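Asks: Sequence:
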Amino acid sequence: MNKPNNDIASESSLAGQLMGAFRNLMMNTDDMLPATVVSYDDATNRAVVKPLVMMVSTEGQRIPRAPVHNIPVFRFGGGGFFIRVPLKAGDFGWLKANDRDISLIFQRGGQQDEPNTHRLKSFSDAMFFPDSIKGWVVDGKNIDALVVQTLDGSVCLALHNGQVVLNTPMFEVNAAESIFNGNVTVNGNHQTHGNSDANGGLMRHNGKNIGAQHLHGGVKSGADSSGVPV
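Numbering of the sequence shown is given in full-length UniProt numbering, commencing with residue 1 and proceeding in unit increments.
Keep in mind that the hints are not guaranteed to be accurate.
Pairwise CB distance ranges (calculated) [said to hold, decoys possible]:
| id | residue 1 | residue 2 | range |
| --- | --- | --- | --- |
| 1 | ASP113 | VAL184 | 47 to 55 Å |
| 2 | TRP136 | GLY78 | 20 to 28 Å |
| 3 | ASP139 | THR44 | 32 to 40 Å |
| 4 | GLU114 | THR58 | 36 to 44 Å |
The hints are simulated quantities; they were obtained by calculation from the structure and are not laboratory data.
The structure displayed is predicted, hence computed values, not measured ones.
Heads up, the beta-carbon is just placed ideally off N, CA and C, and yes, glycines get one too.
Whole structure, please, built from the sequences with the hints as guidance.
Replies: Here is the structure:
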């Protein structure tokens, strides 16, 4: 015989029996569980997600939960902008159940509609929230900054009060035009493939004026070469 799914000590107590009934009711109600990604379709932003918390029978048998299919993945966004992460199989997150059936809402592209079924608090109507809960390291100098980075910290964008710092092995900008307002300092080599125009001010190299108004010393007529810029 299977063990009863109730507390024997509460058999003679009305309050205990009610507590047991409510507990059994809640056991069949979905809310939120940690989960991992089984697969992800970036085009539809839908994932197959497996909850990590097992069910346990009255005999103590641990029963894995079945994967939940076609789950929308949370993307922070609004006003025509969004933040996307390239989800991979095995990524961790949280599976959160909605209060009602949301299938018609998504079929209409996020428009108002009624519940399609009488489902309540079911993972069939859930949303997956990715979460990098572990495996990351933040440099101590960025401890008070807003940080966007890879898990290993090899690429890091840190927003401090009054300063933005980008650490990366390579930085590439693809733009028809780039505008910098203010002083620019380059520590390292600089190459230009294409034309270079300068308007106003001076152009110096090792303190020498090599701009449009520069002068040469030791100038002689004929085929003699002039001296270095003054």
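Asks: Each hint needs a verdict: does it hold in this structure or not?
Replies: Hints and how they fare:
1. Distance hint check for ASP113 and VAL184: the Cβ-Cβ separation is about 53 Å, which falls inside the suggested range of 47 to 55 Å.
2. Look at TRP136 against GLY78: about 25 Å separates their beta carbons, and that is inside 20 to 28 Å.
3. As the Cβ distance of ASP139 to THR44 is approximately 36 Å, the hint placing it in 32 to 40 Å holds.
4. Between GLU114 and THR58 the Cβ separation comes to about 38 Å, which falls inside the hinted range of 36 to 44 Å.
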